[in-house]
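S.K.: Spelled out from the first residue to the last, the chains are:
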Amino acid sequence: MTTQPLATEQPLLSVRNLKIRIQMDNGVMNAVDGVDFEIQKGKTLGLVGESGCGKSLTSRSLISLNPKECETSGSIHYRPSDSEGEKGIDILSLEPNGKAIRSIRGRRISMIFQEPMTAFSPMYTIGNQIMEAIRIHRTKDKKEAKQIALQMLSKVGISDEEKRFDQYPHEFSGGMRQRAMISMALSCNPELLIADEPTTALDVTIQAQVLELMRSLQQEFGMSILLVTHDLGIIAQMCDEVAVMYLGKIVEQAPVKELFRNPKHPYTKGLMRSMPRLGGGKEKRLESIEGSVPMAIDMPPMCSFYERCKDRIEGVCNASAVPITSISEDHTVRCFLYSEPEGGESP
Amino acid sequence: MTKAMLDVVGLNKEFQVKPKSAKLFAKPTKVQVLSDISFELYEGETLSIVGESGCGKTTLGRCLVKGIPATTGQVIYRTEEEERVDFLKLKGKEAKRLRRDIQMIFQDPYSSLSPRMSVFDIISEPLVANFKLSRSEVEERVKDIAEKAGLNASYLRRYPHAFSGGQRQRIAIARALIMKPRLIVCDEAVSALDVSIQAQIINLLKDLQEQFKITYLFISHDLSIVQNISDRVAVMHLGRIVELAPTKALFAGPKHPYTEALMSAVPQPDPEADHSRIILDGEVPNPAHPPSGCHFHPRCAYRTEKCELQSPELREIADGHSVACHYAEQLNLRGVRHD
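Protein chains in written order, with numbering that gives the first Met the number 0: chain A, 0 to 346; chain B, 0 to 338.
Extracted from the complex, chain A is given alone in its bound form (with noise of 0.2 Å):
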């Protein structure tokens, strides 16, 4: 375990109140309806959730990736350990294609995608590819930014980087694009990696390593990790601090070791009971969340889950917006079953 002196200082990122509307045929979509977080310097936060419900947004959002359509309101604010004394920067205030935002964007804040066969581009080596990031952010010089590059590829466990540096994106197998474009996202030393889904696609022996790698890369470099994923196991062996998202709201934070010794929130229970762990048997039944997720258009203010949970109080769940409420110092639930004796008595 490592000392925690970081603790008091200020967090590299805090999101406050972040909004993400999307104008759909049918209404307007809140994808992403008021999520706060920070990340804290060195530590992972992991954010999970299932399909739809605005993680990938929510991250991408952290370096204004995400597409026109999406209308983006609240502050993000970083804090680049390097600027001591000084504010900080808000992302969301930089023009989306600027060149503020250019130089923190794969320099300082840099992301790995889950399908690293659509992020690298087909038509350029692997070292071309990788290359690229350095020559813009650290060096004019190619050779040096080859020695990086291919110090990078040795660092991620690429044997023969000389052979690898000029091969194209199709010669690579699935884990090993995985480890590349993590040299990639490394090579200029960020503060905060992004890494969304980084091991979906990948075979679990294949998985373990390249989380394995991600781990020490972090210990190494002391960056921060925002760990986008679906599977709690992950979140269990990688992640600080644990954010649960339904519906584009998180509905439960806390450290990972309460979250799990402890869940408050009827989907957080529901999501960890419905995963089939090992040591279950057939005989056992897995208890699901019934129904599914609904969309997000046009929503009511009420609680997101209230149709598909089991312990809802009619006429308060659905009567009103659900206030957060803190279960102690660092665990906080959306939840009426929680709240105050004067928001569950009468709404």
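In short, the hints are calculated from the structure, not lab data.
Computed from a predicted structure; not experimentally measured.
Note that CB positions come from ideal geometry on N, CA and C, so glycine has one too.
Do not rely on the hints blindly, as some may be mistaken.
[Said to hold, decoys possible] If you want the footprint, here are the derived chain B segments under chain A, 3+ residues with CB under 8 Å: (1) 45-58; (2) 178-187; (3) 213-225; (4) 259-270.
With the hints as your guide, set chain B onto chain A.
M.R.: Leaving out everything else, chain B in the frame of chain A:
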């Protein structure tokens, strides 16, 4: 033990591949994708096939349903009338008759359903193709099956695009069920679904099995799902079955190092669990140039010289537990703790 419904004997499959550097008229080389696969599938059980991508599990599933022709080998099927027939040799009418008994569910519910057919047409197509039934009879049976698969009968006139992934997988299940099959091959049937939906579909498959006494061949890469659905598990590596055992025995005490490594690689949803794991070096070898001897030896922590030279046979070391490893008896491998 119940009787074997399917008896697979020495199944081989070769694909012909042209190497990248080959000249235009060069002869294609052969890649052995399945080598000498033999197992029995008992009536009413769920047998899972697990392995990493490229191990041949999907090819095996397809060969069994005659989706692609096997190179050599037999798939002996015992019909309801207790006849034993080699499914792979059947042609024409007889093959078509048996096809009713064997159905398949695919991985991706977005590409396995035709976007131009309504859900009703999708589910009823096998019925219409096989029997002469009146319209009202068809309608009745489709509705009945749709309900059993957890679909709302009033939505049957809609098209697949209007349904979510979980609902689509239910449509695919209904389509497979309508022929009252005895065997369903599920090829990664729940892999594309969200966790909460996955649990619904797994429970549905289990319920249907109980209700209709269906036998499943469940192909998956996910060990935690496999443990929750199967009676027996076969672990495949590079076209061979390396371990075959009843689920409990396999997870409590794996006998093949590859099985052990696979189990240890599954991330456990418990932050306080012991995270020390066996991390295999490298990747699955290319089946076009498989390693000598035991195919697993380059990644195996317990390898000896013998493993590089001699290929181990699949042999039974305990009741119903077969392993293909020279040192199955000596090794003390780590299993999974049962709750």
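S.K.: Which hints, by number, does the structure contradict?
M.R.: 2
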